[in-house]
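Colleague: Residue-level listing of the chains:
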Amino acid sequence: MTNKIKEYRARFNLTQDDLAKMVNVRRETIVFLEKNKYNPSLKLAYDLAKVFKISIEDLFFFED
Amino acid sequence: MKRTILVFAISFLILLSVVMWFYSSGQYYSATDAIQFGIILLLVVFAMFIGYKRLKSAKRGEPVEDELSKKILLRTASTSYYISLYIWVFILFIKDRISYDTEELIGYGILGMALSFAICWLLFNFRGIRHD
Numbered sequence: 361m362t363n364k365i366k367e368y369r370a371r372f373n374l375t376q377d378d379l380a381k382m383v384n385v386r387r388e389t390i391v392f393l394e395k396n397k398y399n400p401s402l403k404l405a406y407d408l409a410k411v412f413k414i415s416i417e418d419l420f421f422f423e424d
Numbered sequence: 099m100k101r102t103i104l105v106f107a108i109s110f111l112i113l114l115s116v117v118m119w120f121y122s123s124g125q126y127y128s129a130t131d132a133i134q135f136g137i138i139l140l141l142v143v144f145a146m147f148i149g150y151k152r153l154k155s156a157k158r159g160e161p162v163e164d165e166l167s168k169k170i171l172l173r174t175a176s177t178s179y180y181i182s183l184y185i186w187v188f189i190l191f192i193k194d195r196i197s198y199d200t201e202e203l204i205g206y207g208i209l210g211m212a213l214s215f216a217i218c219w220l221l222f223n224f225r226g227i228r229h230d
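Line by line, the protein sequences give chains A and B.
Counting from 361, one number per residue, gives the positions in the first sequence under the working numbering.
Counting from 99, one number per residue, gives the positions in the second sequence under the working numbering.
Chain B extracted, bound-state conformation (with noise of 0.2 Å):
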């Protein structure tokens, strides 16, 4: 119950961080903001829902985490740290030929990572764990 409220409490501190970085950011938002934003929020709904499925799980009286989601998370962080790499040697290529700030990079970087994350667990979610 701990690690869904903890959940929970992530995700709303992440969305009251990005509307404050918005309302600091002046009138003007480009449309790398936008799209910024709308990956952030994908992530936001997306860790919400693992918190309602933990919520859900905890209401029946089943246990909130068991063999099959403990395999599908750390087969979720194996696949996704994999990516990351390759999203930041992509980065690193892509630096010196663009004109993106260096936090600004960092930033996108974070972001694939946390994305490629989600897009995992969807996967392996959906998919199931076959051959393990």
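Chain A extracted, bound-state conformation (with noise of 0.2 Å):
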């Protein structure tokens, strides 16, 4: 599964921080999300859509 979190993070100006602490988690969890080195939970993929006002599948995608 891909996503194009750093493409929408850098559409809306914000640094990885700042989404961390929007969708209340690490700094980390971001990195990691952005490498595609882990698929987040529900939970977290709604959070994300959530902040950059779009569904989860225009963020996150399965590759064949």
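Read the hints as simulated data drawn from the structure, not as lab findings.
Just so you know, these numbers come straight off a predicted model, no measurement behind them.
Ideal Cβ positions, reconstructed from N, Cα and C, are used throughout, including at glycine.
Check before you lean on any hint, since a few could be wrong.
To be clear about the criterion: a stretch of chain A counts as covered by chain B if any three or more of its residues have a C-beta under 8 Å from a C-beta of chain B, and this derived list gives those stretches [as the list claims (entries may be wrong)]:
1. 374-382
2. 391-397
As a list, the in silico SDA-like pairs of lysine to any residue whose alpha-carbon atoms are at most 20 Å apart [said to hold, decoys possible]:
3. B/Lys154 - A/Asn384
4. B/Lys151 - A/Arg387
5. B/Lys154 - A/Tyr406
6. A/Lys397 - B/Phe224
7. A/Lys381 - B/Lys151
8. A/Lys397 - B/Glu163
9. A/Lys364 - B/Glu163
10. A/Lys397 - B/Asn223
11. B/Lys169 - A/Arg387
With the hints as a guide, bring the two chains together.
Modeller: Listed below in structure tokens is the structure:
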């Protein structure tokens, strides 16, 4: 599973620290997510999508 | 924060007991003593590193534990448990073939368990958990 967190974070002019605080996780979790080294829980995926005002499907997607 | 203080307190106690053990064992230190001391020191450094990370997160205003750190800890615990079973089977296998005391072998087993935990944690912490 890949995501567009880095892209949207840049679009919203947020730092990794800012985003981490907004979704109540550690900065390392955002780093891992951006590097596709971790698949988030449904709650975290929902919170992230809510920050960027998009749907989960627009933020996370499967690649064959 | 309580758990962070606990991590530092336990590390300090381990270090203190190792120093006391070294002083009480007299002037003669064998190579195996040095290896054991080195491994314990490594584990204490590892515990301090975890404590420092938690402290840093608390200072930044981030949660000390989140879903990723909990998942890493869970995966580390399960993997190191699996490895430690093999460590004990190996110790049981070599028990009659070497001249070590039972206490020493138990000590090595416990050190092996702690070391496997530290290695697994470092591995998952840097490699990440992709397919969960």
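Colleague: Evaluate each hint against the coordinates.
Modeller: Hints, one by one, checked against the model:
1. Given as covered by chain B, the segment 374-382 of chain A passes the check, having 3 residues with a CB less than 8 Å from a CB of that chain where 3 are the minimum.
2. Counting residues of the segment 391-397 of chain A whose beta-carbon sits less than 8 Å from any beta-carbon of chain B gives 4, enough to reach three: the coverage restraint holds.
3. This hinted pair checks out: lysine 154 of chain B and asparagine 384 of chain A have alpha carbons roughly 15 Å apart, not beyond 20 Å.
4. Annotation: proposed proximity of lysine 151 of chain B to arginine 387 of chain A holds, straight-line Cα distance about 12 Å (limit 20 Å).
5. Distance restraint check for lysine 154 of chain B and tyrosine 406 of chain A: the Cα-Cα separation of roughly 27 Å exceeds the 20 Å cut-off, and the hinted pair is therefore not satisfied.
6. For the proposed pair lysine 397 of chain A and phenylalanine 224 of chain B, the alpha carbon gap of about 9 Å is at most 20 Å, so the pair holds.
7. Simply put, lysine 381 of chain A and lysine 151 of chain B have alpha-carbon atoms about 17 Å apart, close enough for the 20 Å limit, and the pair holds.
8. For the hint linking lysine 397 of chain A to glutamate 163 of chain B, the alpha-carbon distance of about 18 Å falls within 20 Å, and the restraint holds.
9. Straight-line distance between C-alpha atoms of lysine 364 of chain A and glutamate 163 of chain B comes to about 24 Å, which puts the hinted pair past the 20 Å bound.
10. Of the pairs offered as hints, the one joining lysine 397 of chain A and asparagine 223 of chain B holds, with about 10 Å between alpha carbons and a cut-off of 20 Å not exceeded.
11. As the CA atoms of lysine 169 of chain B and arginine 387 of chain A are separated by approximately 16 Å, the hinted pair is consistent with the 20 Å bound.
Comparing the model with each earlier hint shows violations of hints 5, 9; every other hint is respected.
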